[in-house]
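Chemist: Here is how the chains run, residue by residue.
Protein chains: 4
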Amino acid sequence: MLLSALREEVLQANLELVRKGLVLYTFGNASAVDRRQGLVVIKPSGVDYDVLRAEDMVVTDLDGKIVEGKLKPSSDLDTHTLLYREFGDIGAVVHTHSEFATSFAQAGMAIPAFGTTHADYFHGPVPVTLPLSDEAIKGRYVHETGLAIVARFKGAQAKLDPMAVPACLVAGHAPFAWGKDAAAAAHHAVVLEAVARMAYRTLALNQRAEEVSQALLDRHYLRKHGAAATYGQG
Amino acid sequence: MLLSALREEVLQANLELVRKGLVLYTFGNASAVDRRQGLVVIKPSGVDYDVLRAEDMVVTDLDGKIVEGKLKPSSDLDTHTLLYREFGDIGAVVHTHSEFATSFAQAGMAIPAFGTTHADYFHGPVPVTLPLSDEAIKGRYVHETGLAIVARFKGAQAKLDPMAVPACLVAGHAPFAWGKDAAAAAHHAVVLEAVARMAYRTLALNQRAEEVSQALLDRHYLRKHGAAATYGQG
Amino acid sequence: MLLSALREEVLQANLELVRKGLVLYTFGNASAVDRRQGLVVIKPSGVDYDVLRAEDMVVTDLDGKIVEGKLKPSSDLDTHTLLYREFGDIGAVVHTHSEFATSFAQAGMAIPAFGTTHADYFHGPVPVTLPLSDEAIKGRYVHETGLAIVARFKGAQAKLDPMAVPACLVAGHAPFAWGKDAAAAAHHAVVLEAVARMAYRTLALNQRAEEVSQALLDRHYLRKHGAAATYGQG
Amino acid sequence: MLLSALREEVLQANLELVRKGLVLYTFGNASAVDRRQGLVVIKPSGVDYDVLRAEDMVVTDLDGKIVEGKLKPSSDLDTHTLLYREFGDIGAVVHTHSEFATSFAQAGMAIPAFGTTHADYFHGPVPVTLPLSDEAIKGRYVHETGLAIVARFKGAQAKLDPMAVPACLVAGHAPFAWGKDAAAAAHHAVVLEAVARMAYRTLALNQRAEEVSQALLDRHYLRKHGAAATYGQG
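Going down the list, the sequences are from chains F, S, L and D. In terms of the working numbering, the first sequence has 227 at position 227, counting the first letter as 1, and numbering is strictly consecutive. In terms of the working numbering, the second sequence has 17 at position 17, counting the first letter as 1, and numbering is strictly consecutive. In terms of the working numbering, the third sequence has 164 at position 164, counting the first letter as 1, and numbering is strictly consecutive. In terms of the working numbering, the fourth sequence has 178 at position 178, counting the first letter as 1, and numbering is strictly consecutive.
By construction, these hints were calculated from the structure, which means they are not laboratory data. None of the hints are false.
Because identical chains share one entry, a pair is satisfied inside a single copy or across any pair of copies.
Capping the alpha-carbon separation at 25 Å, the derived lysine to any residue pairs in SDA-like fashion look like this: (1) Lys-70 to Gly-226; (2) Lys-224 to Tyr-49; (3) Lys-180 to Ser-75; (4) Lys-20 to Asp-50; (5) Lys-224 to Val-51; (6) Lys-20 to Asp-48; (7) Lys-138 to Leu-222; (8) Lys-180 to Ser-45; (9) Lys-224 to Glu-144; (10) Lys-224 to Arg-140; (11) Lys-72 to Phe-27; (12) Lys-20 to Gly-232; (13) Lys-20 to Tyr-49; (14) Lys-224 to Phe-27; (15) Lys-65 to Ala-5; (16) Lys-70 to Ala-229; (17) Lys-154 to Glu-86; (18) Lys-138 to Gly-124; (19) Lys-65 to Arg-223; (20) Lys-20 to Asp-120; (21) Lys-72 to Leu-39; (22) Lys-72 to Leu-15; (23) Lys-72 to Arg-223; (24) Lys-72 to Gln-233; (25) Lys-224 to Asp-134; (26) Lys-20 to Val-51; (27) Lys-224 to Tyr-141.
Predicted model, so just to flag it, every value in this text is computed and none were measured.
Work out the full structure: start from the sequences and follow the hints.
Modeler: And the structure:
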């Protein structure tokens, strides 16, 4: 069986989403990529989490062609593979319909950087895509969803580093998060939901709440990332 | 004993509502219909879920006349039977007072289709009935509750397919959901509550949030329904 | 030991508040009265729920004089005893700081009757007291808290039947609920919190949401109460 | 091993934060001080709570110099030690990113004293610091966080007794709480979150909700504190 260690990591990332209350029924999926072999391991579509096993994971190439697996891959596969092709440093992708992050996505609003919890993980607001056009929806919809994300990071308006802001909201849909590996991507999806909850409450308390300063964004982001990181037992 | 398999399915649907946190004490009920025999299996009224057994279910005919069972049927029986008579394709009905769907019902507001979670299950907004008149309340109140639902689907204003929008909010009361069988009806009631939570939060973030496009509604609904469905392992 | 069955009922009512998530630490208390003997059984003050035993309950007379028990009674005792003296039909009193009912009390707002969940238990809005005067607070404060409740039911402004509306919010404080016995009082406190949650959400969705009609209040209240009750297996 | 009893108390305070749902992953820390020896016991940085042992705690002096321990101390150490140096009566400090208290901090708002739950623990509103300047953030940031707290209690604007108001919100960050010992500090952090939840909901219901009177603040604070305390079995 191909990539057995990576299958187990992807399984564990999927289960972490369940443990942290981010998924209802089968609304969520995680994948990871083996860059050397050019292979993606992804959760199968619509299988209950409590019977999901590492060997149920589906292996595809970077264009989404199935290489191994008896089950159908997650219906969001084409978004995952596009992100792997476009964001060369990411090792895993997670998609959920977690309550608060999804509500920001439905409202068409980015998640403002209101505090240090946010700044520890996201070096600026978590962006939201533009709504997909009817043509995109009627065409290669899942692929177009990926394109909308990529446009927010590599588009004309703004350049964002996907490793510095490891998540994006898809308007009218829900969040995608990523990271260097499956555990990091799931961790980011969980923190994203916590950050979204608190941003929601902050706005409810004070519609004119101000985002934290660039100095604070930099301080907290660099506290956890890079050579000078001071957090944890590193 | 009549319909023993259907009793077990109805019991399991009732218990799923408890597991998913949709019911407090005994505030909820599920039923299913055997179309061939013209018989309805429904939860008894006011019995604690933790002592509820398949053999406690009450069997009635499609007019609500008890055919088998020592206990009194759910006090909402006449709404269930009316829905079975009017909506010929449904196989089960579920009623809860789940927090967010009930709050929309109390506010007299339909649940807008703000995202793909909604669109995967409901092919448009989940409608709300008009308030019942004093005459209806003082008359055959439970039957009239069913009539108010039917009027939203078959009324002069709008034609809605109950299989495409498998739920309705009763104004000043709470939601009813249905489906092809008891498991589907319970599943729809659970998803309805999740969708209501996110619609509530979407409106709190952005009072002018826009509903998803018809193209997206169609895409997601057809993704899970019909011959060209791509979701799951089916 | 006096009143051993009633002690056990009061213990169970206190534990029901914990099971249903209404109390944090020791913020809550339940009592019951034996009308024949003129004795009140009440939770001791500040004892952890997980070590609380029936024999720890304190027995007092209707003026709050301790008759049996080694522990100090709940600091809210004088409110409980006043309610027993003034509301001759009630058999038990429960006090909690449950989140949503307390928030209405802090906002100085009654809980409107927005739906049938409410109408099944409370035959109209759940009232809120006036704020206590500085004199009342500096004087017999706990007794004055009871007087403020009684004033809402027997005052010049309005006559309310405490058995038809078995709860009251104390402004700037929290709810009290009552019933024919300890189980009913705890049940009313739990339903009050659920009703408060949904009223909160209803107002968030629609600030002009309308209360249900008198016809609906009457229908639902009488569905569960009185000789013609149709709910449950009674 | 130095201070083994205090290590155990600090461990238990950290675990209480987890049990009460105040921390996600490793977002929180507790410490305590031994005033006689001038030593501080603090949680190590970024260690999972489920493997955390009393012997993992780090011991430092009051300037944050490590005296014993193989692990790195919490990255918030310099805030803790400053509070110990400035607030001479406190015996322990707790820091969390609990959802509602953090949302007030992010909104830059103090938590108003809306009710008796608040008044039982905090003798007035829970204050919020000013935002840190860019210089403070780029300089000794963690130390400056402590200075911002101290400025709210000992500053020119207002004198507050840290034992009467045992918590402060750091703007754009999250709450710190303290108490006479580790159990009290954790207890205050838990109650702070409950009080923040209810203040949030109170404001949502009534933006002009009034704080309780000074008479009520005094009554409730003195009910639980000082020689004339009447609450509990003490």
